[in-house]
Each structure stands twice: as C-alpha cells, then as structure tokens.
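Let the sequences and hints guide you as you build the complete structure.
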Amino acid sequence: MKYFIIIKEKSERVLNKNFLDLGGKPLYKHLLDELQGEEVFVDTDSDFLYDILMNTDVHCYKRSKECIKLEIDGSFKVSPVLLMINNFLDKYVSDENEIIVTPHVTSPFIKLATMRNASKQLKKGFDSVLACTEHKEFTYFRGEPVNFKPDVVQKTQDLEPVLMGNGAFFIFTKKTFKEQSNRTGINPYFYPLTFPESVEIDYEADLDLARRIYEK
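Numbering (the working numbering), first residue to last: 15 to 230.
You may find that some hints are simply not true.
[Unchecked claim] Label pairs and their computed distance ranges (CB to CB):
| hint | residue 1 | residue 2 | range |
| --- | --- | --- | --- |
| 1 | ASP61 | PRO210 | 27 to 37 angstroms |
| 2 | PRO210 | GLU26 | 21 to 31 angstroms |
| 3 | GLU158 | PHE204 | 18 to 28 angstroms |
| 4 | ASP220 | LYS125 | 17 to 27 angstroms |
| 5 | LYS105 | GLU85 | 48 to 58 angstroms |
| 6 | GLU85 | ASP165 | 42 to 52 angstroms |
| 7 | LYS137 | GLU158 | 17 to 27 angstroms |
| 8 | PRO210 | LYS150 | 14 to 24 angstroms |
| 9 | ASP172 | LYS83 | 44 to 54 angstroms |
| 10 | ASP104 | ASP172 | 26 to 36 angstroms |
| 11 | GLY51 | PRO206 | 18 to 28 angstroms |
| 12 | PRO206 | GLU158 | 18 to 28 angstroms |
[Unchecked claim] In silico DSS-like cross-links for lysine-lysine, where the CA-CA straight-line distance does not exceed 30 angstroms:
| hint | residue 1 | residue 2 |
| --- | --- | --- |
| 13 | LYS134 | LYS192 |
| 14 | LYS192 | LYS105 |
| 15 | LYS39 | LYS76 |
| 16 | LYS16 | LYS134 |
| 17 | LYS125 | LYS189 |
| 18 | LYS39 | LYS16 |
| 19 | LYS125 | LYS43 |
| 20 | LYS43 | LYS16 |
| 21 | LYS125 | LYS39 |
| 22 | LYS138 | LYS150 |
| 23 | LYS230 | LYS150 |
| 24 | LYS16 | LYS79 |
| 25 | LYS150 | LYS105 |
| 26 | LYS150 | LYS163 |
| 27 | LYS79 | LYS189 |
| 28 | LYS137 | LYS189 |
| 29 | LYS134 | LYS189 |
| 30 | LYS24 | LYS105 |
| 31 | LYS192 | LYS125 |
| 32 | LYS43 | LYS79 |
| 33 | LYS192 | LYS22 |
Since the hints were made in silico from the structure, they are not lab data.
Cβ coordinates follow ideal geometry from the N, Cα and C atoms, glycine included.
Below you can see the structure in the form of structure tokens.
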C-alpha cells in the first residue's frame, strides 16, 4: 500500500493553510506523523517543504512544471490532481494491483487505522473507496427533494442519509485509475467518517474548530 499526498505552498481560502500552526506543529505534519513507517510519497511545489523532507523517509519530489502551469492558468477550470496522480503511478508504481491511498493534509484528525480499514472494501468487490460524511437532513437539489417526500412530514431520524464526499481520502488501485482515468471507479464504496476525523479545513472557521479540538 502506498500513500500519495499533494501539498501545495499557497492556498486561497485560508492563506498558506498547509503550513499554519495546529497544536504546536504545521498542519501538513499531522498527516505525515500519522503515516510514519508507511510508504509515503509527496508531490509539492514548495521548495521549503522539499528541503525539509528530502532527508526523511518520505519520498518527496517537486511538482511537474506542467501541473504548476495548469494550477495558475485561469482558463483551466479543473484541478490538475488527476494528472499528478497519473504521473506518480507511472513513475513509482509498477504493480497494477497496488493499493493507493490519497489522503489530504487538510484532514488533520484522520487515522491510519481508518484508512487501512477503509481499504479492506477493495477485497469485497468495490473498486474504489471515498471518504464521506452522512447527513440526515431535508435535502434538495436544484429545488427538488432528494431524500424525503414533500407531501408528508417525516422525522429527521427516519430520513435516508445523504452522503457527501469530504475529500479526506480516496483509495483505489493503479489498474482502476488507469481504466477510469479517475480516483473513483464504477463501483465505489462510500466510507462514512465521524467527528473529529470528518473535520476538513477549507475555511478559517474550520481551522478555528480544529484548534479548539486540540485545546480540549
């Protein structure tokens, strides 16, 4: 099993969030510490981070110029993450059945045991695993009800839960990625996370929440 992590130097919604302090150490280090002893690869555009990690057990390499160019190209409306994964697979993964986990450093409370447990779903007929959160709320999409009948008043606890991918991790094999050109296959398993592992730092409020968790 290999762990592939993308760590960028700059971020927009929370400036430089991957390097901000959380519980006495930078955000990115929480995931790397959790994965100590595992085979970890880091793709980064940060010379600062590269210099830190180059003499550690982490396989850190600099992002391709092509991916950096796409990230700053305003006309390119999607993330080049799939290209980064493809480059990683071509260079570092020879076995097409190798299990690949792509966790994000913005999920500082995710546990190695959780990812290992989630990966077991690949042996149960699923071709990929996505971290998600369950929500039992009255949900609409484009003005239409998703998980309830509008002509009756259901109890919230009786609603069919809506699953929302939170990006904490994706799990797949090289074979699945090459066949689908994506992190998700045609038969994915949605692995629900609970608090605080479900905390994903996208905004300042998320960072404040994570810091309060550490304070307690």
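Against the structure, the hints:
1. ASP61 / PRO210: 27 to 37 angstroms: 32 angstroms, holds
2. PRO210 / GLU26: 21 to 31 angstroms: 24 angstroms, holds
3. GLU158 / PHE204: 18 to 28 angstroms: Taking Cβ atoms as reference, GLU158 and PHE204 lie about 21 angstroms apart, which means the hint holds.
4. ASP220 / LYS125: 17 to 27 angstroms: 18 angstroms, holds
5. LYS105 / GLU85: 48 to 58 angstroms: The hint (48 to 58 angstroms, Cβ to Cβ) is violated, given that LYS105 and GLU85 are roughly 19 angstroms apart.
6. GLU85 / ASP165: 42 to 52 angstroms: Holds, at about 47 angstroms.
7. LYS137 / GLU158: 17 to 27 angstroms: 37 angstroms, violated
8. PRO210 / LYS150: 14 to 24 angstroms: 19 angstroms, holds
9. ASP172 / LYS83: 44 to 54 angstroms: 50 angstroms, holds
10. ASP104 / ASP172: 26 to 36 angstroms: 48 angstroms, violated
11. GLY51 / PRO206: 18 to 28 angstroms: Distance hint for GLY51, PRO206 holds at roughly 26 angstroms.
12. PRO206 / GLU158: 18 to 28 angstroms: For PRO206 and GLU158 the Cβ distance comes to about 24 angstroms; the hint holds.
13. LYS134 / LYS192: Roughly 20 angstroms separates the two Cα atoms, so the pair holds.
14. LYS192 / LYS105: 14 angstroms, holds
15. LYS39 / LYS76: Holds, because 23 angstroms separates the two Cα atoms, which is no more than 30 angstroms.
16. LYS16 / LYS134: 14 angstroms, holds
17. LYS125 / LYS189: Given pair LYS125, LYS189 holds - Cα atoms ~25 angstroms apart, limit 30 angstroms.
18. LYS39 / LYS16: 24 angstroms, holds
19. LYS125 / LYS43: Holds. LYS125 to LYS43 sits at ~13 angstroms (cutoff 30 angstroms).
20. LYS43 / LYS16: 18 angstroms, holds
21. LYS125 / LYS39: 17 angstroms, holds
22. LYS138 / LYS150: Holds: LYS138 and LYS150 sit about 26 angstroms apart, inside 30 angstroms.
23. LYS230 / LYS150: 27 angstroms, holds
24. LYS16 / LYS79: Roughly 24 angstroms between the alpha carbons, so the hint for LYS16 and LYS79 holds.
25. LYS150 / LYS105: 42 angstroms, violated
26. LYS150 / LYS163: 14 angstroms, holds
27. LYS79 / LYS189: 26 angstroms, holds
28. LYS137 / LYS189: 14 angstroms, holds
29. LYS134 / LYS189: This hinted pair holds, its Cα atoms lying about 17 angstroms apart.
30. LYS24 / LYS105: 25 angstroms, holds
31. LYS192 / LYS125: Answer holds: LYS192 to LYS125 is near 27 angstroms, not above 30 angstroms.
32. LYS43 / LYS79: 25 angstroms, holds
33. LYS192 / LYS22: Holds - the C-alpha atoms of LYS22 and LYS192 are around 24 angstroms apart, at most 30 angstroms.
Violated hints, in rising order: 5, 7, 10, 25; the structure is consistent with all others.
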